[in-house]
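Trainee: Starting from the structure of chain L, add chain Z where the hints point.
Residues per chain, in single letters:
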Amino acid sequence: MKINLRLFRYNPETDKKPHYQHYTVEAEPTEKVLDLLHKVKWEQDGTLAFRRSCAHGICGSCAMTVNGENMLTCEALIGNLKKQQSITIEPLPSLPVIKDLVVDMENFYAKYKIIKPYLINNSPPPPTERIQSVREQRIIDESTWCIMCGACSTSCPSNWSNPDFLGPAALLKAYRFIFDTRDEGAEERLNILDHGDGIWRCRTIFNCVEACPKEIDVTYHLSQLKKAIVTREI
Amino acid sequence: MKLSHDVVIVGSGLAGLRAALEASQYYNVAVVSKLFPLRSHSGAAQGGIAAALANEEEDYIDWHFFDTVKGSDYLGDQDAIELLVNDAIPTLYELEHFGTPFSRTPEGKIAQRKFGGHTKHYGEAAVLRACYAADRTGHVILHTLYEQCVKNNVKFYNEYYAIDLLVKDSIVRGLVAYDMPNGRFVAFHSKVVMFGTGGYGRAYKITSNAHANTGDGLGITVRAGIPLEDMEFVQFHPTGIYGYGILVTEGARGEGGYLLNNDGDRFMKKYAPKVMELAPRDLVSRSIWTEINEGRGIDGKRCVHLDLRHLGAERLKERLPEIMGFCRKLVGVDPVKEPIPIEPTAHYSMGGIPVTVDAQVLADGINKKVEGFYAAGECACVSVHGANRLGTNSLLDAVVYGRRAGKSLVRFLNENGTVKADFVEDQYKASLDRVDKIKNNTGNEKVSYLRTELQNVMNEKVGVYRDGKPLEEALEKVEELEQRFKNIQIDDKGSVFNTDLAEALELGNLLDFAQHIVAGALNRHESRGGHARIDFPKRDDKDWLKHTIALRKDDGSLEFTYKPVVITKFQPKERTY
Numbered sequence: 000m001k002i003n004l005r006l007f008r009y010n011p012e013t014d015k016k017p018h019y020q021h022y023t024v025e026a027e028p029t030e031k032v033l034d035l036l037h038k039v040k041w042e043q044d045g046t047l048a049f050r051r052s053c054a055h056g057i058c059g060s061c062a063m064t065v066n067g068e069n070m071l072t073c074e075a076l077i078g079n080l081k082k083q084q085s086i087t088i089e090p091l092p093s094l095p096v097i098k099d100l101v102v103d104m105e106n107f108y109a110k111y112k113i114i115k116p117y118l119i120n121n122s123p124p125p126p127t128e129r130i131q132s133v134r135e136q137r138i139i140d141e142s143t144w145c146i147m148c149g150a151c152s153t154s155c156p157s158n159w160s161n162p163d164f165l166g167p168a169a170l171l172k173a174y175r176f177i178f179d180t181r182d183e184g185a186e187e188r189l190n191i192l193d194h195g196d197g198i199w200r201c202r203t204i205f206n207c208v209e210a211c212p213k214e215i216d217v218t219y220h221l222s223q224l225k226k227a228i229v230t231r232e233i
Numbered sequence: 000m001k002l003s004h005d006v007v008i009v010g011s012g013l014a015g016l017r018a019a020l021e022a023s024q025y026y027n028v029a030v031v032s033k034l035f036p037l038r039s040h041s042g043a044a045q046g047g048i049a050a051a052l053a054n055e056e057e058d059y060i061d062w063h064f065f066d067t068v069k070g071s072d073y074l075g076d077q078d079a080i081e082l083l084v085n086d087a088i089p090t091l092y093e094l095e096h097f098g099t100p101f102s103r104t105p106e107g108k109i110a111q112r113k114f115g116g117h118t119k120h121y122g123e124a125a126v127l128r129a130c131y132a133a134d135r136t137g138h139v140i141l142h143t144l145y146e147q148c149v150k151n152n153v154k155f156y157n158e159y160y161a162i163d164l165l166v167k168d169s170i171v172r173g174l175v176a177y178d179m180p181n182g183r184f185v186a187f188h189s190k191v192v193m194f195g196t197g198g199y200g201r202a203y204k205i206t207s208n209a210h211a212n213t214g215d216g217l218g219i220t221v222r223a224g225i226p227l228e229d230m231e232f233v234q235f236h237p238t239g240i241y242g243y244g245i246l247v248t249e250g251a252r253g254e255g256g257y258l259l260n261n262d263g264d265r266f267m268k269k270y271a272p273k274v275m276e277l278a279p280r281d282l283v284s285r286s287i288w289t290e291i292n293e294g295r296g297i298d299g300k301r302c303v304h305l306d307l308r309h310l311g312a313e314r315l316k317e318r319l320p321e322i323m324g325f326c327r328k329l330v331g332v333d334p335v336k337e338p339i340p341i342e343p344t345a346h347y348s349m350g351g352i353p354v355t356v357d358a359q360v361l362a363d364g365i366n367k368k369v370e371g372f373y374a375a376g377e378c379a380c381v382s383v384h385g386a387n388r389l390g391t392n393s394l395l396d397a398v399v400y401g402r403r404a405g406k407s408l409v410r411f412l413n414e415n416g417t418v419k420a421d422f423v424e425d426q427y428k429a430s431l432d433r434v435d436k437i438k439n440n441t442g443n444e445k446v447s448y449l450r451t452e453l454q455n456v457m458n459e460k461v462g463v464y465r466d467g468k469p470l471e472e473a474l475e476k477v478e479e480l481e482q483r484f485k486n487i488q489i490d491d492k493g494s495v496f497n498t499d500l501a502e503a504l505e506l507g508n509l510l511d512f513a514q515h516i517v518a519g520a521l522n523r524h525e526s527r528g529g530h531a532r533i534d535f536p537k538r539d540d541k542d543w544l545k546h547t548i549a550l551r552k553d554d555g556s557l558e559f560t561y562k563p564v565v566i567t568k569f570q571p572k573e574r575t576y
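Residue numbers (numbering that gives the first Met the number 0), protein chains in the order written: chain L, 0 to 233; chain Z, 0 to 576.
For reference, chain L alone in the conformation it holds in the complex (with noise of 0.2 Å):
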């Protein structure tokens, strides 16, 4: 079918503003909305820039706003989109361009590192591996699936009025530590997230279940962050 695309495009070096482009391309409905992308640059015009690397889901280059709504372009099947021949696509929403689809992204980056995102545990390990249960394990299995794609935290409204919010991203991250029973940074960790742009600035809006191209509750653990807050128990 043809699909007529409406990108938006931004090149630094050239344009004032952002601006949108039209191009028509033909694609099956189980094709990607990649795909269309790679149809653009490929064979129409090779200025577009996009990110992209593994294609199927798991490295998290290339989430993009589609007809709205944040996704990995690798994964949105063009047969599942709302409106199929009609198609805007436009980059990551809150975060500044750096050219067309591409977003600058340190700002999500830092807040990410803020909330310590790696094993504290300053006890001498054991010569073989620390024991951990089956039941541990699965407290934060589904917050490790992260992909670290950024659909999520900017989709977030919360985060939209204050940029200083450290957004479900980093928050989810925060609890697969918190909540692993190897870990001993806890009580440091909460002390992070307890204040205004930490984890009291999530209003539940559940914009970022919805974005989360894996699928995690990612509203569901930062409710429990908040009960770890308030009870100091883990």
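Keep in mind that the hints were calculated from the coordinates and are not lab data. Note that CB positions come from ideal geometry on N, CA and C, so glycine has one too. Mixed in with the good hints, there may be bad ones.
Stated by the list, open to error - Facing chain Z, according to a computed beta carbon distance under 10 Å, are these residues of chain L, among others:
{"no.": "1", "residue": "Ser60"}
{"no.": "2", "residue": "Asp99"}
{"no.": "3", "residue": "Asn106"}
{"no.": "4", "residue": "Arg175"}
{"no.": "5", "residue": "Asp182"}
{"no.": "6", "residue": "Ser222"}
{"no.": "7", "residue": "Lys225"}
Claimed, not checked - Simulated restraints on C-beta separations:
{"no.": "8", "chain 1": "L", "residue 1": "Ala109", "chain 2": "Z", "residue 2": "Val418", "range": "44 to 50 Å"}
{"no.": "9", "chain 1": "L", "residue 1": "Asp216", "chain 2": "Z", "residue 2": "Gly467", "range": "56 to 62 Å"}
{"no.": "10", "chain 1": "L", "residue 1": "Asn161", "chain 2": "Z", "residue 2": "Val418", "range": "45 to 51 Å"}
Mentor: Leaving out everything else, chain Z in the frame of chain L:
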């Protein structure tokens, strides 16, 4: 612009990150990566990482040693393999101590599953050796190593695309890179450069590899006048999703999945009666192609079925959630209810940059070193995988040899100090000129079309089964594409995030070593591991139990020399499963 570091590590997958973690404790290290580190293709590894932990059943390092040697079709260097399997156990415990969220046994230990070619009692039956985190093992290890790098304040230059190595008189001087977000070119002046640049699956049409996997490190190495080793050995993973090539982990068969032909027959019983679907990848991929060639592909198509239905929804959800997800999302197949159509997919390069067991790059491929140049992981050929890699040995190789590279280059700096060899301004300028020429060329060839032609010819003529005549045709085609590449024109003339330029440079890299793969395959008159010649169907230990070293000469032709295989414990035997 010029930057100065003691060490520049190129690539931020498992090998690069593990080396960075080691070396940054002592020296001023920079990691240069074309992607943000968490986007690296190590993260796409699914099924596991091998170590004889014996958490789930009896297992020994020596069994792992033997399996890896036999899996390599006896081309693996046994000194390097012994280091790999000995280091496997402490490496797994270290990864766990770093925080890797592995799946667990009922006792709370690291869980292990079966994988192709990993056996008990030297080949009797499959063994539970692959340590895993569901089917996201690479993802969780990549994230964990990056987390440790964040903790240790490792310096990253993300989305800096490596262009050329600066090296003169066999002494490393640094690296040229394209800083994509800032739209400028940068010279790194350094005493050491280490490559952990990964593989080149994108030389093929059907591949499990990411778009980024264009073998940049290999192209750079060839242009630096250094040979490549064993490039004819390309691994085709048996179970890529039909038509797409996306990987379905061998863990799916490790969990009990069947391979079925159009008659509904578990055909692997003919080819590997003892271990069936858990034979090594080269053997399973050949078996699939034989079934297809003999007319037993599904509905006459070039695919067979991977059937997981009997495993049940619950086990599939727990053990193989990622593949469940993308089978449903990308191809509309629900593995709980229907078999998955699969075909072999270009997956891994056994060959690469010749290195010592201490990851030092060899200028002649044999014993002369390039001072300050190191390589580890898929881009390197040490050679632990020989003619065919076993599943789960690649993550292990990347972490073990990444760390060895880190330790080795620290020793080098301890002994030699950090005073750098003179910067080579003329080489830097020549490298920028090369890029400029590609950017401003006004020919009539298009990068995307040339790349497609390369991918098609590699897929059709340099695949699982090879034959003299098609290989000769492929070689001609590669040479033709090299010439036509000189006549390209790209659209984007800008500086910032010019991915049009990056794709042209990537194709240039692919073309700089495609000849090594094709001519290497044409030159090797035997069948061994991943290299199966129809016209030379037998392994020939008398003439070919040796590594290929292929050097591109100034006139563009390849010169082959050979290196003996290191055999310490296991003498070559007939290889059956």
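Trainee: Taking the hints in turn, state whether each one holds.
Mentor: Here is how each hint holds up against the structure:
1. Restraint check, L:Ser60 versus chain Z: the minimum CB separation of about 5 Å is within 10 Å; hint holds.
2. With its C-beta approaching chain Z no nearer than about 8 Å, L:Asp99 sits inside the 10 Å limit, and its interface hint holds.
3. Nearest Cβ of chain Z to the Cβ of L:Asn106: about 13 Å, over the 10 Å cut. The hint is violated.
4. For L:Arg175, the interface hint holds, since its Cβ comes within 10 Å of a Cβ in chain Z; the closest pair sits about 8 Å apart.
5. Against a cut-off of 10 Å between C-beta atoms, the interface hint on L:Asp182 holds, since the closest Cβ of chain Z lies about 7 Å away.
6. A cut of 10 Å between beta carbons decides the hint on L:Ser222: the least distance to chain Z is about 21 Å, and the hint is violated.
7. Violation of the interface hint for L:Lys225 is found here, the shortest Cβ-Cβ separation to chain Z being roughly 23 Å, above the 10 Å cut-off.
8. A hinted range of 44 to 50 Å for the beta carbons of L:Ala109 and Z:Val418 is inconsistent with their spacing of about 35 Å.
9. Range check, L:Asp216 to Z:Gly467: about 57 Å between beta-carbon atoms, so the 56 to 62 Å window is met.
10. Against the hinted window of 45 to 51 Å, the Cβ-Cβ separation of L:Asn161 and Z:Val418 comes to about 50 Å, which satisfies the hint.
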